[in-house]
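2 protein chains.
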Amino acid sequence: MNLKEIISPIDKELEEFQKQFSGSMKSKVALIDLITKYILKQKGKKVRPVLVLLSAKLCGSINQRTYIAANLVELLHTATLVHDDVVDDAKKRRGLASINAVWKNKAAVLIGDFLLSKGLLVSLDNGEFEFLQTTSEAVRRMSEGELLQIQKARNFDATEETYFRVISDKTASLIKTCCKLGALSSTKDADKIEALSVYGENLGIAFQLRDDLLDYVGRKKLLGKSTGNDVKEKKFTLPLIYSLDNAPKKKSAEIMKLIKSDSIKKFESVYYFVEEYGGIEYSMKKTEHYGKKAADAIKDFKDSDAKTSLLELVNFVTKREY
Amino acid sequence: MNLKEIISPIDKELEEFQKQFSGSMKSKVALIDLITKYILKQKGKKVRPVLVLLSAKLCGSINQRTYIAANLVELLHTATLVHDDVVDDAKKRRGLASINAVWKNKAAVLIGDFLLSKGLLVSLDNGEFEFLQTTSEAVRRMSEGELLQIQKARNFDATEETYFRVISDKTASLIKTCCKLGALSSTKDADKIEALSVYGENLGIAFQLRDDLLDYVGRKKLLGKSTGNDVKEKKFTLPLIYSLDNAPKKKSAEIMKLIKSDSIKKFESVYYFVEEYGGIEYSMKKTEHYGKKAADAIKDFKDSDAKTSLLELVNFVTKREY
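In the order they appear, the protein sequences are chains A and B. Those letters in the first sequence? Residues 1 to 322, per our numbering, in order. Those letters in the second sequence? Residues 1 to 322, per our numbering, in order.
These are calculated hints, taken from the structure and not from any lab test. This one's a predicted model, so the numbers in the text were calculated from it and none came from an experiment. Hints may be right or wrong, so weigh each one.
[Unchecked claim] Taking lysine-lysine and the DSS-like style, the derived pairs with C-alpha atoms no more than 27 angstroms apart in a straight line are:
no., chain 1, residue 1, chain 2, residue 2
1, A, Lys91, B, Lys266
2, A, Lys26, B, Lys235
3, A, Lys106, B, Lys265
4, A, Lys104, B, Lys106
5, A, Lys37, B, Lys234
6, A, Lys292, A, Lys302
7, A, Lys106, B, Lys235
8, B, Lys234, A, Lys28
9, A, Lys292, A, Lys192
10, A, Lys235, B, Lys234
11, A, Lys43, B, Lys106
12, B, Lys106, A, Lys45
13, A, Lys265, B, Lys235
14, A, Lys232, B, Lys104
15, B, Lys232, A, Lys106
16, B, Lys106, A, Lys234
17, A, Lys46, B, Lys106
18, A, Lys91, B, Lys234
19, A, Lys91, B, Lys106
20, A, Lys104, B, Lys266
Could you build the full structure based on these sequences and the hints that come with them?
Below, the structure is given as structure tokens:
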């Protein structure tokens, strides 16, 4: 199944979401409306609202609370992207000029803050305190995970254990939140809510494992996709961590020395090292393992188009080439 | 009264706040603790917690809910400062190197997000949904106010009416929130809560009026304080708006032309224009007017040290030279 087929069971609901999402960005300030209209033109894949909607559909039926949850996560996500582009000084986003490129940094940061406050207000105005609690926890974990990764990169002391903690916090926490909120919106059954949380957590881990793997092997498959960024930034991801643990000590020490150096040709050597000592293979196995855990978490739900889509999504995430 | 005397009725409570504030920034991630310890060394004036504590004391007594409110506004404020320094590429903050200067932009943005999520969680964990609602409204208004100001600066169409809307949104909304939350934490009396809200709103407007005035007259009084920034950024504040409205049409047109130009010597001419056509005097009168409104709002409370401090704070804000 491709992404379009995966989202087909919620086509109409996604349209309704889009309408409410546009509405919740409205302001009395003309400049804000101008910028948010532009944001709506930068069409993303809407992975987060899709997860909220599919999870809600699996556990019951999509309702107004589901749209509030989808709005909350998408407003938060959009705010983050706008802020990220300021920090990274990115000039493009989804094929269009970035907000900071068109309206400058100050306005971009303010628009991000505006969207964030709107996400909070949509939830508060509707008394959705549990949605907010879950989401705030995720925001805390996302920042903690990224900062832990920065700390480990600085000290060169990443281990497999801390790696999994990092990706669970920085990536899986929000994916899990999407699935959990979707479930919360359509059922009170604690087992179902827990099942969707476990699904989301493991899907998120599988997603990040695949992402980190593609930073090594992507270039073999696709032209124009840059690889080696993590090595350049001295980020230790699973392929490298595993290989360092399993290669002869002397070999690992050589590679560590190379990584700490500023040699621009180091990715080549690190790549062959990682391939030789099983890092690639191990990462692929782990990705499959977490994908399977995600799928297992929802296996007891009776068959439905939402279930098929969520299972296909696991397949898509663990096998994607970009 | 100087600031030290103003805060003397809440000396001990401010210490307790500081303890809880430090505690609420804690994390399992060592790098976060390192950075937040550094933030605590950048000692600010703690205006916001002071307003929360004094307002609570005026309406009843300071209690655990008061500390939660003070924590929420100070965590939010701290997050904003850290993010601002990234956007402005500021190298210093309160006499020390800024977070972005020491730990780079990425880490600074993440720490800001972390602090923000902690502010939300402190409120949510304690069921303080009303605090959160009030604060989220303020965040929305702050971003809307600043964006409206940017919009007006671009279109050169600021009026006295929009100026007051801008400063009410971008500055007064958070000052008002501090006073309102303090009151909410110690009383259920709607009149008292409203009185403190009105006090905070007007104090905030007076504060910004004085701030904008100092951008014109500061250099006359204090060495080393830069002025003319607003004119440079084509920001229309009250002294200029009033003078443009009241000078002969031809004079105003000349000044407008000068402001739109990139002449680096324009501030000199704009300054004399503003002084000649009454903008300085009018601004001072308006500052006094809003200061008086703030003081009037709490005049029916019976005399106490908290009341004296809040009244002295009005005096301090409307007369400060920096």
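Quick rundown of the hints versus the structure:
{"no.": "1", "hint": "A:Lys91 - B:Lys266", "in the structure": "violated (33 angstroms)"}
{"no.": "2", "hint": "A:Lys26 - B:Lys235", "in the structure": "holds (25 angstroms)"}
{"no.": "3", "hint": "A:Lys106 - B:Lys265", "in the structure": "holds (25 angstroms)"}
{"no.": "4", "hint": "A:Lys104 - B:Lys106", "in the structure": "holds (18 angstroms)"}
{"no.": "5", "hint": "A:Lys37 - B:Lys234", "in the structure": "holds (26 angstroms)"}
{"no.": "6", "hint": "A:Lys292 - A:Lys302", "in the structure": "holds (18 angstroms)"}
{"no.": "7", "hint": "A:Lys106 - B:Lys235", "in the structure": "holds (14 angstroms)"}
{"no.": "8", "hint": "B:Lys234 - A:Lys28", "in the structure": "holds (22 angstroms)"}
{"no.": "9", "hint": "A:Lys292 - A:Lys192", "in the structure": "holds (18 angstroms)"}
{"no.": "10", "hint": "A:Lys235 - B:Lys234", "in the structure": "violated (43 angstroms)"}
{"no.": "11", "hint": "A:Lys43 - B:Lys106", "in the structure": "holds (25 angstroms)"}
{"no.": "12", "hint": "B:Lys106 - A:Lys45", "in the structure": "holds (25 angstroms)"}
{"no.": "13", "hint": "A:Lys265 - B:Lys235", "in the structure": "violated (49 angstroms)"}
{"no.": "14", "hint": "A:Lys232 - B:Lys104", "in the structure": "holds (17 angstroms)"}
{"no.": "15", "hint": "B:Lys232 - A:Lys106", "in the structure": "holds (16 angstroms)"}
{"no.": "16", "hint": "B:Lys106 - A:Lys234", "in the structure": "holds (15 angstroms)"}
{"no.": "17", "hint": "A:Lys46 - B:Lys106", "in the structure": "holds (24 angstroms)"}
{"no.": "18", "hint": "A:Lys91 - B:Lys234", "in the structure": "holds (25 angstroms)"}
{"no.": "19", "hint": "A:Lys91 - B:Lys106", "in the structure": "holds (17 angstroms)"}
{"no.": "20", "hint": "A:Lys104 - B:Lys266", "in the structure": "holds (24 angstroms)"}
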